[in-house]
Every structure is written in structure tokens, then in C-alpha cells.
Amino acid sequence: MNTDSFQSTSPVADSGGEPPSQTVDEDLAPLLATARRLKRTLPPVQPSPDFEEELRAELLTTARARRHAAGPRLVVEPDTWPLLPPLNGTSPVLLFSVGLALLALGLALVHNLTKRQRS
Amino acid sequence: MTTPDADEALVRQAQADPEAFGVLYSKYLSLVYSYVYYRVSSIHDTEDLVARIFYQALAHLKDYRPKGLPFSAWLLRIAHNLVANWHRSQSRRRTFSLDDAFATADERVDVVAKAEAQEEQQVLRTVIADLSPRRQQLILLKYAEGMSNAQIGTIMGCSEGAVKALLHRTLLDLREALLAKGLRR
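Chains as they are written, first to last, in this note's numbering: chain E, 5 to 123; chain L, 17 to 201.
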């Protein structure tokens with residue numbers, strides 16, 4: 005069972021180690037001492053300025069390399085290619101008819117050319 | 017710590033331009049450094065781990081999504097995982113640091129008091145190191161970073177009440193452990 009979800013109304017836990025009021029339960033006094041001991045023994049630690057600047061410079065170099073490696077942004081193409089503007093909105097039946105006519109014209113031209121070559 | 021919203025803007029900026037990551041680095045270096053230091057107890061290892069944490073954060077920044085958690089929580093999760101890996105990779109557990117020894121060896125004033133303080137710190141670190149990772153995180157955020165229960169709850173992903181309850185039980189356990197180690201003051 006995970007007991008970490010149990011509730012408590014401890015003034016020690018509330019205050020982080022400082023006495024919350026003048027009347028502190030005798031049972032809690034030792035916990036206050038423990039909290040104070042923790043505060044005293046765990047002061048915030050700061051990195052040395054040399055380390056901070058060195059790591060900052062290294063991270064900046066890495067960041068720049070990443071940006072250059074990524075290069076220019078790719079243009080994402082749409083899911084479907086758009087129709088050419090003059091044909092956009094034209095009826096499919098009309099398009100088929102025009103295509104058929106162009107095919108017939110082409111065949112006629114090929115036929116005439118072969119006929120001339122023979123004669 | 018600032019609001020998650022303020023961080024979101026900084027993160028979006030850094031996601032668009034990695035060079036802007038420097039702002040986040042400056043803002044959270046001390047937090048990450050302190051968090052790691054109290055879990056590995058050596059300046060050399062701390063610096064190595066902190067560098068790896070920020071490199072990893074930079075590399076995976078594009079994958080970061082707030083999801084209601086602040087950026088600091090995401091950073092500390094990376095820190096937590098790398099520190100856990102580091103502990104696993106150590107053949108033996110170190111509870112005393114040569115860095116500390118050298119730091120106090122140079123100072124000749126009040127040697128006895130310093131030795132006592134150092135001994136107390138050593139015992140306390142040993143006792144904290146025996147806590148579960150979640151409780152270690154709680155103690156460090158509370159006492160090394162001085163965060164409020166609400167801030168800790170945001171980082172650890174639980175309610176302020178749950179933080180309060182966990183802190184109470186952790187202090188009870190720590191007190192027992194300290195008494196067992198002979199620290200009664």
C-alpha cells in the first residue's frame with residue numbers, strides 16, 4: 005500500500021521547520037529540531053562561475069551546431085496537388101471530351117504523316 | 017521559480033531557436049546543481065552530471081510538452097534519472113566526499129567545531145541517501161531549495177496535502193534514523 009497519499013496536518017510539514025505558533029505539540033518539537041537540522045546542514049549550493057560560463061559556452065556551441073544542421077525549413081506539400089488554375093472547377097465530362105478530341109487529332113496527324121511517307 | 021506560463025514562453029522560444037536555451041539554463045542551473053550535489057556529494061561528479069542533464073534537455077527540448085507540469089519538473093526528472101543511473105553504475109556507494117575533506121582541511125579555525133559539523137553533515141547525508149528517491153527529492157527541494165509545499169507538489173505531481181503528509185512521515189523516519197546513528201542534538 006502506498007502510504008504517501010495519507011493526509012497530515014503537521015505544523016512542521018506546514019512550516020518547513022519553523023515554529024508556526026507559540027504552542028507547539030511536545031511530540032512535534034523533535035521533528036522541528038530535525039527540520040532545523042536539515043535546513044542547517046543542506047544550504048543551497050552554487051556552481052562555480054567558471055563551470056557556469058564554460059558549460060554555457062559549450063551549450064551555445066551545441067545549440068548553434070543544431071540550428072545549422074537543421075538547415076532551412078522544409079516546405080510541407082499539401083496532401084493533394086491542386087488542379088491547374090484554368091482547369092480548376094471544370095466539369096469532368098468536359099475534360100474527358102476535350103481529352104478524347106485531342107487524342108483523335110493526334111491519331112489523325114500520325115495517320116497523315118505515315119500516309120505521306122508511303123506516297 | 018516562476019509560473020509555468022512564463023516558462024512556456026521561454027521554452028517555445030528555445031524550441032524555435034536553440035540558442036535561446038541559454039535563458040532557461042541560467043534560470044535553472046542553481047536548482048539542478050544543488051539537487052544533484054546533495055545526491056552525489058562530489059563536485060566533480062556533480063559538474064559532470066549537471067552538464068549531461070543540460071545537454072540532454074537541449075537535445076530533447078523539441079519533445080517537451082508542458083502537460084500542466086512546469087519546465088523545472090521536466091528538468092528534475094531528467095536529473096533524477098541520470099543520478100539514478102549514476103548510482104547504479106557505481107560499484108560502491110559513496111557517502112563521504114573528498115571535496116568536503118579538502119574544503120575543511122584548509123581551514124584551521126575552530127577545527128573541533130568544523131569536524132563536528134562535518135560529521136553531522138556526513139551522517140545526515142548517509143541517512144538521506146537511505147530514503148526512497150521520492151523522499152530524497154522532497155527533502156532536497158524543501159530544505160536545500162527552500163521551496164513551499166505547493167511548489168514541491170507542482171514539481172512532484174501531487175497535491176500540497178500529499179506533500180505535507182509525506183514530509184511529516186519522512187521527518188519522523190529521519191529522526192529515528194538520526195537517533196540510531198547517535199545524533200541526539
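Hints should not be assumed to be uniformly reliable.
[Stated by the list, open to error] No farther apart than 20 Å at their CA atoms in a straight line, the calculated lysine to any residue pairs in the SDA-like style are these:
1. K43(E) <-> A131(L)
2. K78(L) <-> T65(E)
3. K43(L) <-> S164(L)
4. K43(E) <-> S46(L)
5. K43(L) <-> P34(E)
6. K43(L) <-> E161(L)
7. K43(L) <-> E57(E)
[Claimed, not checked] Covered stretches of chain E (chain L as the covering partner; in silico rule of three or more C-beta atoms under 8 Å from a C-beta of chain L):
8. 50-57
9. 96-103
10. 108-121
FYI, nobody ran anything at the bench for these hints, they're computed from the structure.
Where a beta carbon is used, it is the ideal one built from N, C-alpha and C, also for glycine.
Please list, smallest to largest, the hint numbers that this structure does not respect.
Of the numbered hints, 5, 9, 10 do not hold.
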